[in-house]
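**Q** What follows is the residue order along each chain.
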Amino acid sequence: MNTLSISKIAWNRIPQARLAMWTLIAGEFVIFGGLIVTYLLNRMKYPGWGEMAMHTNVIAGTINTFVLLTSSFFVVKAHEAALKKNIGKIKFWIWLTILCALIFLGIKAYEYTHEIHAGFTLSSPALLAQGKHVETLYWSLYYTMTGLHGLHVVAGALALFFVMRNISKTGTHFHRIEVAGLYWHMVDIIWIFLFPLIYLIH
Amino acid sequence: MSTQGKPAGLEHELWVPAENDYHGHPNYLKVYLILLGLFAISVLASLLSNPMIIFIVVFAVSIVKASLVLLNFMHLRWEPNIIWFMLFLALATLGFLFIGLYPDTVPVERFFVPNT
Chain A
1 MNTLSISKIA WNRIPQARLA MWTLIAGEFV IFGGLIVTYL LNRMKYPGWG
51 EMAMHTNVIA GTINTFVLLT SSFFVVKAHE AALKKNIGKI KFWIWLTILC
101 ALIFLGIKAY EYTHEIHAGF TLSSPALLAQ GKHVETLYWS LYYTMTGLHG
151 LHVVAGALAL FFVMRNISKT GTHFHRIEVA GLYWHMVDII WIFLFPLIYL
201 IH
Chain B
1 MSTQGKPAGL EHELWVPAEN DYHGHPNYLK VYLILLGLFA ISVLASLLSN
51 PMIIFIVVFA VSIVKASLVL LNFMHLRWEP NIIWFMLFLA LATLGFLFIG
101 LYPDTVPVER FFVPNT
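For the record, the sequence lines run as chains A and B. Residue numbering for the first sequence follows our numbering, beginning at 1 and increasing consecutively. Residue numbering for the second sequence follows our numbering, beginning at 1 and increasing consecutively.
It is possible that part of the hints are untrue.
Said to hold, decoys possible - Calculated cross-link-like contacts (lysine-lysine; reagent style DSS-like; alpha-carbon spacing at most 27 angstroms):
| hint | chain 1 | residue 1 | chain 2 | residue 2 |
| --- | --- | --- | --- | --- |
| 1 | A | Lys91 | B | Lys30 |
| 2 | A | Lys89 | B | Lys30 |
| 3 | A | Lys108 | A | Lys91 |
Since the hints were derived computationally from the structure, they do not count as laboratory data. These numbers come from a predicted model, not from an experiment.
All chains, full assembly: derive it from the sequences and hints.
**A** Written out as structure tokens, the structure reads:
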């Protein structure tokens, strides 16, 4: 068996929608991984970043991590229901997942509000006035990473909602629950790395 | 691969009917409970006094957690090698990025010791 035939078998074993989602996920890993590498390198270079990390709300981050891990469990339960074509259960688990997404975003909004009131913004003029240019960079990257992740939470929740609505209307395309679920798990994995970097390592 | 079962016009596409697709299903509750346990370990580890130990423990736990989600919730263990290869390429890219940029983060003297 030559390389070409092995490759063809590999590609053909996977449904096209899932293959497309895995391709997207690999790209997303590079995008977020690039931000995480940037964070790690700067954290090693500037000790002042550790001091800035102490201003993040560890309790809020801990609750949000629990919420996202739980939502991942809800999504796989929805996938199980999809395999049995049980629309009622699919709706139940997906609504719970969307509730988790709303809780996550609500807590993140609460955190942002407190941080902005404390003078920590994308450009942090208060820190700049004190000559803390390097510390300003910390908050720029913090808002970039968590903001981009928040947008992915919104996108994942919307995708799950529309897939659920389509399935409950038509009674077809059950496999889309798994595809949208893959995206949701990717959002969870990114947070698994963001949480310790931002909240736990000072 | 047979084109049987493909919609008209999609015969040339790399497409598999969802009904013919197979992957296993682990005990999701068990995986979820392990994830919660690991999550608790990382939070407790952050209370240690040595920052380097905190970093190593917490980051190692994150890698294990991410692997559990990938392998079990995302069913990566049942996916063909090409998916593993795609993810490996993504991680390798990040590895090159880290190695390429690392010299910028440490003092130059550590790399180039002047002759005396």
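**Q** If a hint holds in the structure, say so; if it doesn't, say that too.
**A** Hint by hint, here is what the structure shows:
no.: 1; hint: A:Lys91 - B:Lys30; result: 23 angstroms, holds
no.: 2; hint: A:Lys89 - B:Lys30; result: 20 angstroms, holds
no.: 3; hint: A:Lys108 - A:Lys91; result: 26 angstroms, holds
When each numbered hint is compared with the structure, no violation occurs for any of them.
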